[in-house]
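Protein chains: 4
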Amino acid sequence: MGIRAAVAGASGYAGGEVLRILAGHPGFEIGALTAGSNAGTELRVHQPHLRSLGTRVLAETTPEVLDGHDVVFLGLPHGQSGPIAETLGKDVLVVDCGADYRLAEAADWEHFYGSPHAGTWPYGLPELPGQRDVLRTTRRIAVPGCYPTAVTLALFPAFAAGLAEPDDIVVVAASGTSGAGRSLKPHLLGSEVMGSVSAYGVGGTHRHTPEMIQNLSAVAGEPVTLSFTPTLAPMSRGILATCTAKIRPGVTTERLREAYQEAYAAEPFVGLLPEGQWPATSMTLGANSALVQAAIDERAGRLVVVAAIDNLTKGTGGGAVQSANLALGLPEELGLTTIGVSP
Amino acid sequence: MGIRAAVAGASGYAGGEVLRILAGHPGFEIGALTAGSNAGTELRVHQPHLRSLGTRVLAETTPEVLDGHDVVFLGLPHGQSGPIAETLGKDVLVVDCGADYRLAEAADWEHFYGSPHAGTWPYGLPELPGQRDVLRTTRRIAVPGCYPTAVTLALFPAFAAGLAEPDDIVVVAASGTSGAGRSLKPHLLGSEVMGSVSAYGVGGTHRHTPEMIQNLSAVAGEPVTLSFTPTLAPMSRGILATCTAKIRPGVTTERLREAYQEAYAAEPFVGLLPEGQWPATSMTLGANSALVQAAIDERAGRLVVVAAIDNLTKGTGGGAVQSANLALGLPEELGLTTIGVSP
Amino acid sequence: MGIRAAVAGASGYAGGEVLRILAGHPGFEIGALTAGSNAGTELRVHQPHLRSLGTRVLAETTPEVLDGHDVVFLGLPHGQSGPIAETLGKDVLVVDCGADYRLAEAADWEHFYGSPHAGTWPYGLPELPGQRDVLRTTRRIAVPGCYPTAVTLALFPAFAAGLAEPDDIVVVAASGTSGAGRSLKPHLLGSEVMGSVSAYGVGGTHRHTPEMIQNLSAVAGEPVTLSFTPTLAPMSRGILATCTAKIRPGVTTERLREAYQEAYAAEPFVGLLPEGQWPATSMTLGANSALVQAAIDERAGRLVVVAAIDNLTKGTGGGAVQSANLALGLPEELGLTTIGVSP
Amino acid sequence: MGIRAAVAGASGYAGGEVLRILAGHPGFEIGALTAGSNAGTELRVHQPHLRSLGTRVLAETTPEVLDGHDVVFLGLPHGQSGPIAETLGKDVLVVDCGADYRLAEAADWEHFYGSPHAGTWPYGLPELPGQRDVLRTTRRIAVPGCYPTAVTLALFPAFAAGLAEPDDIVVVAASGTSGAGRSLKPHLLGSEVMGSVSAYGVGGTHRHTPEMIQNLSAVAGEPVTLSFTPTLAPMSRGILATCTAKIRPGVTTERLREAYQEAYAAEPFVGLLPEGQWPATSMTLGANSALVQAAIDERAGRLVVVAAIDNLTKGTGGGAVQSANLALGLPEELGLTTIGVSP
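Residue numbers (my numbering), protein chains in the order written: chain W, 1171 to 1513; chain D, 1171 to 1513; chain F, 1171 to 1513; chain Y, 1171 to 1513.
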């Protein structure tokens, strides 16, 4: 008998990706699938790619329906995880793909989300120093945001090794449209996004900004400042994050790459590309991989690290399952792949 | 110890897809990887998405290198499989992803390929009536072309059930660009294909035409005539085939869907969609699925069946492994999924 | 003083395209711009590409607002053109980009649209035999549907020359997503359409079907039967229509191309491509062009004609202005181009 | 009689775009069209979207062929403009779309291009302070690179107004694939670029870097340092440049936008978007527009300016014609539009 997993928000993109991974995972048995306005319909109406689960009927997202599972994955709109999580037993593993429990500072939450802070859960990024052990013993996991996943993996080794100045990080990232979820907004229509790259959330207003600052400040051991600009690219999946920071004196590209080599040598899901090869999001499509490459621009006095992930896999559903594996005592890699679907 | 598999043409799209599947397949051990002009380089230069195999060095495609494997997958340009296949032992399973051994008629081959016919091997489409048993005992498999896979699965149940006239089939199919392989031709550049659909191989000149006719004539029990027009769509993967044929008197949509229900009820990789849902190629991305839907246009006197596949998976590498599983006595579904990567 | 033009539905895709063309047209002065729920907002919120008109405020679509113009272009949802058109003076040129006045048979309208038939206006396809003269003297123009524009231009010369049988036409067409308008439907989201081709409106259920049959029956001089399948392709603009019909005995590709050469020799906006070149929608992006190529598949006994247009230009806004030019006594080509934006 | 213009490199993307604009320009008569390996073929083979010029035959790029024109537009690979330009008369206007004459410092050229420096011509960016007058009297114009066009227009007003620190500019830009020209390289194949964003030329190695530094240093009145990272996005056309610099004390978003308002109030081709609207490349498709928006991220201490252009239009062919208009005494806007093709 497998571990019994429920997925709340199964008709959305995050929930669908969790399900895609669970469907091929030998350790889980898929229990209740719930939805909001789509409750009462079959999964195949919304997720026709999930063939083996197609005739499952979506239930409403209630404590009763979610009761009786070993794990509950929450793929709900921001702000909705808190109320439902409070109803779940303490021995149930709850994995929140939303933002509700990511931030440590209530003030940050309130500033960016405008509602009361639900709390702070252990952060589901096992690659962060010491975090793997935290995750092994928790029953509550806050899955990182997709941008923070890419940016944190891109930059933390440089800060952990003391190679970069914390005071002027600049990040520009391109995301596929699935990062915005299945929201019916005009600017997300295919006619608008195809053939076009656009900027949004400029000037530090994107909600993922405080999460990146939180992660990198923790690693740097002092507060970092960070300018973050997200852009929307004409693809469904993928994030390419270009991350730059001021180098400390004497740091060479060799030293920089060495720091990444060390940081990621034992990591199953993060890879430093061979010299001369730079990440493309297609290398990670459908895979739980993060691929990075680093260089130093000596004239500019900056290091540049580029990271690619699939925002729905390593950036959401795959990251969720990776952390859940740890919390459940399963092999961390179980049911996850580093092999992308390409071309 | 797994079954030892070699892949010839590992730096191309067909070879890469075979490898993507083998890398997640519990029954195979990956042996020699070979290439043409890319011999001597590491796999990750060409297939950076295949992380776990990245540092494998590509060998030259010679009999010596391919010797000593239980299975050899050939992903070579048309016309090159014959010479190398002849050097491989009779007890070695040879799975040709190219066209060399697909056609029964030497005249067809010569007309469409302009070179001597290499021969005819058992056809790797287990869903065709009786074909599964043939594949269980063969050591030579001709993997179907990508278009013929989609079109044959779309139409054969109608012909098998005697619901359609054989004399005037019309097929128009859209393919992603990976169907053309990694060929450096101007019309395959991203700048040319993005934002554009174009026609090619019009008027019965596409090389996959005789293969479709061969398949459907066999099922119909009499020669069919078929007009085939392929088009190139702005996506990497996927085929959507719209297939129409004249209906026989009295055939209703219900009767038609019933025939497909019966034909595919026990098939692990082919699905008839629920009424009202029509195939999209994204439902099959990276999956070994073929999804079909059928309707009758009474005014026009035609049935219309639409099929979607991933041209590289069910249409090439996945189909190859499915047939190889059968020939090797493995479970047919081993290492293959029906779950697509979407959105 | 130019001719004063109003555009109703200026925040939609059809209205936006009419405006894009009018903005570069030397014969028109742009008057009232109206909208439905977007009334009261500036045009640049919805059509930021129309720089020179950006600060125009959208009015409500009322008879009073539209009064006092020489031409009124209607880019309204189907069924809404009738009521507003009735309020406009008989000497005002009304150009309806919607479907309301395209069909001659009330029964066809009611079957496909489920509402009372508004009437039938002169059909805005000047390339049809005799139609240019009709358009020169009318004050009411029904702009053809985008698919019917492509399909009619692809096939009518063959029927006009008696080269094809009328009884079994088969058409499969791929359209960009802008053909569906700016509608907030899940299947039109960028995340869903990118990387995917899908079928819809299969089995003769698409509303453009009777319009194609009407056009081709008129040219053939007898009722035609036609199977039409539309597909959605991952691009914003463009239609590629693959049109086949049974050839009459003795018709060769040379004879066929000759018929098209003759039909289109004097046409400013329709071009027969040189032998061996097949249409791609990118050749027509933003242009009022239709490009066709024709071949005969002798084995299949069918002619195949492929046509490419920009669904918003020749298929909507450009076609509208072309016909309006005629009705207003302006040079037919004024303000229109055959030069596409490519790559 | 129009001004007689020749286009060298007419089968490439830059040459094609110059021609697309010239074909709709009332002031020019199109003379010789030349090519390299494509000499002897008709233009429509390579540029089927340029309908009205389709049957023009491409000549070889020789002094004799280019002789006798009033203007010669060069769309040649880097390094090839110099030799041919030397053969052209001093009274002929030569407009180089290549890089050969853009850089003032021979050392920069040699470092980035590895060949002898051809020289320095007046820089074809009329929006730069004082540059319009320079262009009015020159016979030699170096058209800016596509990235430098976007980045310079995004940042120079901030430096001209003294609002930004010159010492740590960070720019990340996304470009469509046409920026790489029609080069047959594997990473430019549609199968590779669709659905993927990738980084390249990281660490200050992109050849456009010194050109940006040159422009911004001139405006700032002191040397700037700049980190530039280009990325490749899945679209044919368009550049979105995200440009950040450290703000000087006390600068507010209002002050910043004011500077842009002033800088661009009288500019026909550059627009500051209304507050809250951020650029998308689709707003500029096929148009000679640059659209910018600016904000201040106070926490990060940086201004962020985002600019969108069509890399082939304002970034190449449109910019070339704009400058040529000035040099020839024509109205600067003649034959150019700010209206994009969208959606």
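Hints are not guaranteed to be accurate.
Chain D is nowhere near these chain Y residues, computed Cβ spacing over 12 Å in every case [as the list claims (entries may be wrong)]:
#1 G1172
#2 I1200
#3 Q1301
#4 R1309
#5 A1330
#6 A1331
#7 T1347
#8 E1362
#9 M1364
#10 G1365
#11 S1366
#12 A1436
#13 P1438
#14 L1455
Straight-line distance between alpha carbons at most 27 Å, and here's what the computed DSS-like set of lysine-lysine pairs gives [to be verified]:
#15 D/K1416 - F/K1416
#16 F/K1355 - W/K1355
#17 D/K1355 - Y/K1416
#18 W/K1416 - Y/K1416
Hint data in this document are derived by calculation from the structure and do not stem from the laboratory. Backbone N, C-alpha and C fix where the C-beta goes; we use that ideal spot for every residue, glycine too.
So, going through the hints one by one against the coordinates:
Once the 12 Å rule is applied to beta carbons, Y/G1172 is consistent with being away from chain D; the minimum gap is 30 Å. At the 12 Å boundary, the C-beta of Y/I1200 stays outside the reach of chain D, the nearest C-beta of that chain being 23 Å off. No beta-carbon of chain D is positioned within 12 Å of the beta-carbon of Y/Q1301; the least distance is around 30 Å. Look at Y/R1309: its CB is around 32 Å from the nearest CB on chain D, clear of 12 Å, so calling it non-interface holds up.
Every CB of chain D lies more than 12 Å from the CB of Y/A1330, the least distance being 35 Å, so the non-interface label holds. With 12 Å as the threshold on Cβ separation, the claim that Y/A1331 sits away from chain D holds: the shortest Cβ distance comes to roughly 37 Å. Look at Y/T1347: its CB is around 4 Å from the nearest CB on chain D, not clear of 12 Å, so calling it non-interface is violated. Once the 12 Å rule is applied to beta carbons, Y/E1362 is inconsistent with being away from chain D; the minimum gap is 7 Å.
With a cut of 12 Å on Cβ distances, Y/M1364 falls inside the contact zone with chain D, its closest approach being about 5 Å. At roughly 6 Å from the closest C-beta of chain D, the C-beta of Y/G1365 falls inside 12 Å, breaking its exclusion from the interface. At the 12 Å boundary, the C-beta of Y/S1366 falls inside the reach of chain D, the nearest C-beta of that chain being 9 Å off. With 12 Å as the threshold on Cβ separation, the claim that Y/A1436 sits away from chain D holds: the shortest Cβ distance comes to roughly 34 Å.
Non-interface call for Y/P1438 relative to chain D: holds, since the shortest CB-CB distance, roughly 28 Å, exceeds 12 Å. Annotated as non-interface, Y/L1455 brings its C-beta within 12 Å of a C-beta of chain D; the closest such distance is 10 Å. The straight-line distance between the Cα atoms of D/K1416 and F/K1416 is roughly 13 Å, inside the 27 Å bound, and the hint therefore holds. Between F/K1355 and W/K1355 the alpha-carbon distance is near 9 Å, which keeps this suggested pair within the 27 Å criterion.
About 45 Å separates the Cα atoms of D/K1355 and Y/K1416, which puts this hinted pair outside 27 Å; it is violated. Our distance criterion of 27 Å between C-alpha atoms is met by W/K1416 and Y/K1416, whose separation comes to about 13 Å.
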